[in-house]
Amino acid sequence: MKTIVSAAALVAASLLAIPASAANLVLYTSQPNEDAQATVDGFMAANPDIKVDWVRDGTPKIIAKLQAEIQAGNPVADLLLIADMVTLERLKEDGKLLAYKSPEAAQYDATLYDADGYYYSTKLITTGIMYNTSAAMKPTSWKDLTKPEAKGLVTMPSPLASGAALIHAQTLAADPGLGWDFYKSLAENGAIAAGGNGAVLKSVASGEKAYGMVVDYLPIRENAKGAPVEFVFPSEGVSAVTEPVGILASSKNAEAAKKFVDYVLSEKGQEGFVKLGYIPARNGMKLPEGFPARDTIKVLPIHAADALKNTDQDLKTFSGIYGSN
Amino acid sequence: MQFSARSGNSQPAWLFPFIVITVLVLSVLPLARLAMAGIAAFASGGVIDVLSEPSLWQATYYTLVTSVLGTIVSLLIGCPFAFLLTLTDIPGKGPLSFFFVLPMMIPPQVTALAWVQMSGPSSPLLKALSLAPPLGSPQPLYSVGGIALLYGVQHAPLVYLALRAGLMTLPRDGVEAARLSGASSFRVFRDIILPLSLPGIIAGAAISFVSCTGNFGIPAILGIPALIFTLPTLIFTKFSAFTSRTFGDVAVLSGIIAMISVAGLMIQDRALRGRDYRVIGLSGANAAFELGVSRFVFTPLLWAILFFMLAAPFFALVAGALVPAYGVPLTFKTMSLHAFQEILFRQAVTRTAFVNSISLAGATALCLLVVTVLTAYALTRRKDAVSRFVASLIEIPYSLPGIVMAVAFILVFAAPIPFLHISLYGTIWIILIAYFSSFFAVSLKPVVSAFHQLDPALEEAARLSGAGFFRRLSDIIVPLIAPAAGASVILVFLIACNELTISALLWSAGTQTLGVAIYNLDDSGSSDLASALSVLVVLMVVAMMLLLELLAKRLPKGVVPWRN
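Line by line, the protein sequences are chains A and B.
Residue numbering for the first sequence follows my numbering, beginning at 6 and increasing consecutively.
Residue numbering for the second sequence follows my numbering, beginning at 1197 and increasing consecutively.
It is worth saying that the hints were derived from the structure and are not from the lab.
Mixed in with the good hints there might be a few duds.
Computed list of lysine-lysine pairs in DSSO-like fashion (alpha-carbon distance at most 30 Å, straight line) [claimed, not checked]:
1) B:Lys-1323 <-> B:Lys-1579
2) A:Lys-321 <-> A:Lys-101
3) A:Lys-152 <-> B:Lys-1323
4) A:Lys-230 <-> A:Lys-143
5) A:Lys-230 <-> A:Lys-264
6) A:Lys-321 <-> A:Lys-56
7) A:Lys-143 <-> B:Lys-1529
8) A:Lys-106 <-> A:Lys-264
9) A:Lys-280 <-> B:Lys-1529
10) A:Lys-280 <-> A:Lys-156
11) A:Lys-303 <-> A:Lys-56
12) A:Lys-230 <-> A:Lys-101
13) A:Lys-230 <-> B:Lys-1323
14) A:Lys-291 <-> A:Lys-303
15) A:Lys-189 <-> A:Lys-148
16) B:Lys-1289 <-> A:Lys-156
17) B:Lys-1323 <-> A:Lys-143
18) A:Lys-101 <-> A:Lys-56
19) B:Lys-1289 <-> A:Lys-230
20) A:Lys-273 <-> A:Lys-230
21) A:Lys-321 <-> A:Lys-189
Modelling step: build the complete structure from the supplied sequences, incorporating the hints.
If you want it as structure tokens, here you go:
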């Protein structure tokens, strides 16, 4: 009998050991793991009474997870910190977001947040070109990637896996000098599109490909660590996403979520992003090392409402050219 | 006699109904729900949309091609190992067998990561050795061939184990008779051993094929970057682009995988039926062949194969964890423990993943043990058609791909449970229940084999002396089957701890498992962190296997898979 009792006790103990989520806040984010951890650590240091649990995945995947959970009647996330405003605009229109007017907004350009307070940009993430330092050509323009020197050597993230990549494709496609024809000639030159920005970094840094379209902070950071990669801001300009933060209407802890929004917009929170190597969205902040002066970075325009309306069609066009699933 | 209707059967009245209900919940309910969703999709015409998508047919094609090629590779690797380690006097059988079975226990995405780190221009190991291919060389593993090769490595142990089980029962006197009549070793092998081992080879091939069709980790890491989608990865990407149709689409897709798996098992059944391989005489063909001088060829050959299958990828994985950034060659100067520090001391996710995986695996192993002891008791005592039917129901979830079971449980628990209004989807409990379902058969097998070796007279004597059911269980049965129970716990723990396919669909905030954490780290571009975590997981697997090895002396034959 003793054996059975002790076995039963063991079973009970092992069931109890399964952690029930004890966090006050759940953050869904598309930041890389180390950055997500640093952001959450910074917030928890400033607000020791709030525990934050976080989940990281590409923006489209994280939104899919959220949609599946909403459909199942059990949305877990309180907060989103994901790549682009277009996605949050869609959630806002679906009534899934909570409006909150943060006092920190005064320090931000009016174009960088939603006037009703549904979401706020936290940083500027541009997409330019990275190249492996042993590559023959040093690209300076997007069109360099269609040259014979780059044949079969170009990779880019898929808009199906990355929010930044979607905005990037929509920005370049809407540019009169580039357009979908640019993407077609890239594809004819043997360029591939698969995975997220992390995959592009890996592929170029490792030398599997020589050139890649990628978000700025990855190669700039890896370069500082000694990786054989360089980042360039092409002459035509770069696309940009602003990694906005928003609170879900279904949040069970909206007060704590508001504190999180205030924190990432505050000077301290923004300094954290600078330390990680991001261009901060807040006015009057210094840029991280490795970046040119902010006024020299030419950002190509994107019309958020058009982008939102065309998203499905653009994804189809892109998949048509690159055959991605 | 009041027990005369079924002699020796004095199980409490609640026992069999309890088992039937458990099996209903764990096997019948999810599969019935999946079938219903499929039928509903058919009825609403939505299935036409799914079936007319080229991506579906392409994924089915890739699933079949990679699985068939993978099975061939696993036969090519597994059969020679089985023949040499079972039939010859090759030295070092114990360690060879232990290491050869190791890949089966390592999570497939770790295998894939290690091989990626080992080959192609990205390999820190090759860079350190100045052997890396030039800029622009494709990673050769991101291809159908690469996927098939790793399927082969991952599943070769399955072929090895299936074939070896058959070889162990080969009649020794047949071989001796042939020898005495002057047959050469080659003729004995061709005319006696090979025909008799065909059932084992077919069984191994079928198990390997079914495992290939359900594998997620390998095509996820090697296929997605090259836009090669198999059915499991297609289901996963469908979930990553969630629409209102997703639940239905995914039900149809998992129905297709389930059909392929069942077809594979039926072909095996068909191939084995109609062949009567009953053999008379002494079994146990230990060292039927003496290798003689050729052992100096075979011994290094087997160790060399193991080196390329295990040691080289593992070193590559360690190298990938130690480099400070991509593309930096590994030297004593560049080496850094940053990734291990980050994984162990900074990342909340990896801590959560360790806690989740270990407690999920522990809870699965221990809870299932309680159920399996009762189930094995009832099934071995009853021996009627109903209990055989129940036993085969327990097998089904294990033989179906994990992703199919995950989808089935999502369908069961997507909506809040009626009356209770509790939602399990998005919590850790849905993963736990899916694990119960998938690993029930794994847990049951060692315990049943221990029950078969039990002398019923012991229990009978206790019963006649008036001992109740629980008394007999605790004083007689449990102590006698304890070693097998221990093996069952360790096996389930090992498999559940490294699981990815089920949890890849079911995880949510705070419920990441180790498999999911490794996959997501690699996916986000942090392959140094993914490698570091993988290294820790491999070390954990080896430690658990050594624990089983220590336990092996006290276990019934056949419980520790790699032992003779």
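To see whether the hints hold, each was checked on the structure:
1. B:Lys-1323 <-> B:Lys-1579: Distance of about 61 Å is beyond 30 Å: violated.
2. A:Lys-321 <-> A:Lys-101: Holds, at roughly 26 Å.
3. A:Lys-152 <-> B:Lys-1323: Roughly 29 Å separates the two Cα atoms, so the pair holds.
4. A:Lys-230 <-> A:Lys-143: Cα-Cα ~21 Å, so holds.
5. A:Lys-230 <-> A:Lys-264: Cα-Cα ~34 Å, so violated.
6. A:Lys-321 <-> A:Lys-56: Given pair Lys-321 (chain A), Lys-56 (chain A) is violated - Cα atoms ~41 Å apart, limit 30 Å.
7. A:Lys-143 <-> B:Lys-1529: Within the cut-off at roughly 29 Å; holds.
8. A:Lys-106 <-> A:Lys-264: Holds. Lys-106 (chain A) to Lys-264 (chain A) sits at ~11 Å (cutoff 30 Å).
9. A:Lys-280 <-> B:Lys-1529: The given pair, whose Cα atoms are some 25 Å apart, holds under the 30 Å limit.
10. A:Lys-280 <-> A:Lys-156: Given pair Lys-280 (chain A), Lys-156 (chain A) is violated - Cα atoms ~36 Å apart, limit 30 Å.
11. A:Lys-303 <-> A:Lys-56: Violated, at about 39 Å.
12. A:Lys-230 <-> A:Lys-101: violated (40 Å)
13. A:Lys-230 <-> B:Lys-1323: holds (17 Å)
14. A:Lys-291 <-> A:Lys-303: holds (17 Å)
15. A:Lys-189 <-> A:Lys-148: holds (12 Å)
16. B:Lys-1289 <-> A:Lys-156: violated (51 Å)
17. B:Lys-1323 <-> A:Lys-143: With Cα atoms ~23 Å apart, Lys-1323 (chain B) and Lys-143 (chain A) stay inside 30 Å; holds.
18. A:Lys-101 <-> A:Lys-56: Answer holds: Lys-101 (chain A) to Lys-56 (chain A) is near 23 Å, not above 30 Å.
19. B:Lys-1289 <-> A:Lys-230: violated (46 Å)
20. A:Lys-273 <-> A:Lys-230: Distance ~25 Å between Lys-273 (chain A) and Lys-230 (chain A) Cα, so the pair holds.
21. A:Lys-321 <-> A:Lys-189: Distance of about 14 Å is within 30 Å: holds.
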